[in-house]
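Novice: Can you build the whole structure from these sequences, using the hints too?
Listed below are the residues making up each chain.
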Amino acid sequence: MKLNTWGKPRGSLTFPGNYDISDGRWRYSAETSDVWFRRIVDTFFRGYPTCCAIADNIGMLALIKWEEKTNLVYANIQTIIVSGGDLESFYLSDDLEKDRLRCQYLRLDLDMKSLGPLFKEPFPHIHSNPAHEPRFAFSFGDSGNVIMDFLEFIYKNYRYDEWMKWAENVWRKNAREAGEEDDPFEGIVYAFKAGKADLLQNRFSKDLKRLKSYLQQAKDSSYPLRVKKELRDLLNYP
Amino acid sequence: MNQKQKKRLKALESRWCDQKLLAELYGIHLPDEALVGRFRSWAARFRRNRTVARKNHIYDRHALEGYFQFNKLLPVKWAAARLGMEQDSFDDLLNILGEQSLIVRDVTEQTAHEIFVRDMHKFFPALSYTVFSDHNDFCRNLHKAVQKDLGLRVKPVRCVASAAFGDDPPDYGYDFDCISSEPLGLRHQVWLDFGKPVNLKPDVCSEKLFLEEYETLSQFMLAGQEIQPVREQAAG
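Going down the list, the sequences are from chains A and B. In case it helps, numbering that gives the first Met the number 0 puts the first sequence at residues 0 to 237. In case it helps, numbering that gives the first Met the number 0 puts the second sequence at residues 0 to 235.
Fair warning: there could be bad hints in the mix.
Ranges of calculated distance between the beta carbons of each label pair, as one might list FRET restraints [said to hold, decoys possible]:
{"no.": "1", "chain 1": "B", "residue 1": "118", "chain 2": "A", "residue 2": "212", "range": "25 to 35 angstroms"}
{"no.": "2", "chain 1": "A", "residue 1": "196", "chain 2": "B", "residue 2": "218", "range": "46 to 56 angstroms"}
{"no.": "3", "chain 1": "A", "residue 1": "165", "chain 2": "B", "residue 2": "147", "range": "48 to 58 angstroms"}
{"no.": "4", "chain 1": "A", "residue 1": "173", "chain 2": "B", "residue 2": "90", "range": "32 to 42 angstroms"}
{"no.": "5", "chain 1": "B", "residue 1": "48", "chain 2": "A", "residue 2": "165", "range": "31 to 41 angstroms"}
Bear in mind the hints are in silico, worked out from the structure with no lab data behind them. These numbers come from a predicted model, not from an experiment. Backbone N, C-alpha and C define an ideal beta-carbon position, used for all residues, glycine too.
Specialist: Dropping the structure here:
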């Protein structure tokens, strides 16, 4: 997915390049998820579902706008996640396969110029279906890197295997100076798996903080657009 | 604690162990020329302390686990437990997948690639893009898919502590109690400290055995855990 701002002071970008958001929205009252997805793929991806894929089973459509070089002012990122198959099988699915293939829709919404009624719409928020309600507050990190945090949210939830590979690589790259017998990564992973909150708190807390800082740095260095944390805190309640 | 367990406990305090203990802990049967040769070569190339074996087939188990970890391998006994199945079932599964040319076995048949174990569900189309809620959910669905797609009825391995504590159904096994060798799930583990390096998977025993032998085992509990003998009181 190419949403590179190329250092421009302001602008907007779409993925795919020919994406028109008014045509891309899921017409919830008139379309089922598979009908919408086929229309999207045929309209914007010339009938190739893999062209919208960020992973075999995850597709995205995005519109973002920014000002002052790094100030993210608008984001609308529609995501479709298929389970039980990949995007291609969902695109080609017939009635028989519909029971096997399930689809989850998620949309990140952030709009500085459309905040909704007082405290009604968290800033930013996620929709789990194309209709208006409910809106779930999207909690991003202190650096305000909403786009990357949203991508990470998707990967952690639906492609944890891939996220884990990335996390391990980030750790290894940053912690290489540690000796061969001092690397706590496996221990941390296993402690989470075994539900050892006491050990994580009492034994691995420093390493966990290091790991989180490495992961955040890796995300932050790869994408420039930000939302100010102070603004989020001001606009949101509770 | 029976005599065998006492002996095991004593043996675990040292990193050096004989073939019998290796077989019990890892299911590894030595001498296996291919495995030992690779292990020694790895140690010579990558370890500060290159001595990993002594006379009479005594091996450094910490180094051996380091070798497995570095090469992303699992002893077959552990690999089977990661999938919540008996080793016989795991062998049958590997043979079927091998016959279908879906996998290539490692040079030695005593180890399996970790990635292959982790991604085992991807061999089954119905599970390839499934997110599992936990190890039990993973094993339950995997075993069903193995039976449906390959016609192999998997013998599950269940956590002994979970069964003893009355969990219904008991958790699937994931590991082994290093003292009793009984299968152990993820929920009822106590991590023990026998001086193993922090980069390696900890030696674990079941919460059940730990509570039964609290006086003996509490001195080996890895610092940082907060485990009190409450279950006995609750049962009483």
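Novice: Run through the hints listed earlier and report the numbers of any the structure violates, in increasing order.
Specialist: Hints 2 and 3 are the ones this structure does not satisfy, whereas the remaining hints hold.
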